[in-house]
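Participant: Chains as they are written, first to last, in our numbering: chain A, 1 to 312; chain B, 1001 to 1076.
None of the hints are false.
No more than 27 Å apart at the CA atoms, straight line, and that leaves these computed lysine-lysine pairs for DSSO-like:
| id | chain 1 | residue 1 | chain 2 | residue 2 |
| --- | --- | --- | --- | --- |
| 1 | B | K1015 | A | K121 |
| 2 | B | K1054 | A | K256 |
| 3 | B | K1074 | B | K1062 |
Residues from chain A shown here face chain B by an in silico Cβ test under 10 Å; the list is partial:
| id | residue |
| --- | --- |
| 4 | L106 |
| 5 | L109 |
| 6 | M117 |
| 7 | I119 |
| 8 | F123 |
| 9 | F124 |
| 10 | S139 |
| 11 | W143 |
| 12 | W185 |
| 13 | G189 |
| 14 | Y207 |
| 15 | A210 |
| 16 | T225 |
Treat the hints as calculated values from the structure; they're not laboratory data.
We treat Cβ as the ideally placed atom computed from N, Cα and C, and that holds for glycine.
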Amino acid sequence: MIKVAPRMKTATLNHNQMLSRIGMHVSNQIMAYLFLLPALLIFALVAWYPIGRAFEMSFQEVNLRGESTWVNFDNFQKIEDDPASESIWRNSVEFATLSLLMGYALPVLVAILIREMRIAKGFFHIVYFLPTVVPVSISVIVWRFIYDPDAGFLNELLGIFGIEAQRWLRDPDLVKPAIVLVMTWGAFGATTLIYLSSLQEIATELYEAAELDGASPLRRIRHITLPHLAPTMSLLFVLQVLAVVQVFTEPFLLTKGGPGRETLTPVLHIYNRAFLRMDMGYASAWSVALVLFLMVFSGVYQIINRRFNANM
Amino acid sequence: MNRGLLSDIELRTTKGRIYYYSAMAILLLLALVVLFPFVYAFTSGLKNSTEIFKSGLNIFPKDPQWENYSKAWKKL
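Construct the entire structure; sequences and hints are all you get.
Facilitator: Written out as structure tokens, the structure reads:
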């Protein structure tokens, strides 16, 4: 006898049975929400409430005793008048550009190469993922030794080739690439892992067919691998920009925003204003402005991306 | 069949081998760069306080201070 599929069975239920089933469904959901409640409460307390409060404070003047008065858009006006604002936005753009140049294609390349290895795949997985496991605050200590202007490893290494010692973290031209290198080193392992898992999905028959048609390995990458990775690459592009614009730890621990304002990032500025100058209202206004900016960026990127894909 | 971009047959040709081993060379070179801070952190842990600020490419100290690690471990 043919087994009746469960979905067929529900279709033959009468009206009352249906109602009782829906009731069961709702009570099941209530149970589910009860189980979720502790997590939701904690989440509301440590995430949603601060977010809402920051939004509120961005329209307020908050003094040290925690008393707040409404000042409408004064804080946002202060952002515009702040001489640091212009360099902060410029720094963000420069950081994002540099990080894309140095670290956007790298994980794609590494993932494709690792996928190709017949031996020691696991070794390369571990090696390239290792920096991701180390907390940024720890790795920054090592990088500070490497960048040290007097006895740092990098200067000594370049000295062998006759290049004079550079002040990596003090020179306005070098400090951004130096910090982006630390960021890339710390983050590209996770991205490589995402690309690697995406590469696993490619049917090897495609490569086989391409090979039989006489396509060289580079053309196989160009016409099979890269098109397959394109959606992932497009998503990781946004995620990388969002992450880089919000960078805090590296500039905070390596340069404190210096030299001058060369490495002052939005979040570092927010931290300085909120916890050094105790200007919570202004810092909140900056946070809100940053969130709005990043939302607009992601939105515009989505629209452009969709247009572009539709025209393909 | 388990294969990547390159097939097993291609790997037996000279051209395929060039692709494969240059890929491996790139990966090994990059691995060196990626691993370096770890190695540097480890060998710096073997230096004494004057040696750590001494100039010169002294990756591995002349007189490794292994007791640095046992000291750090005991202070945990």
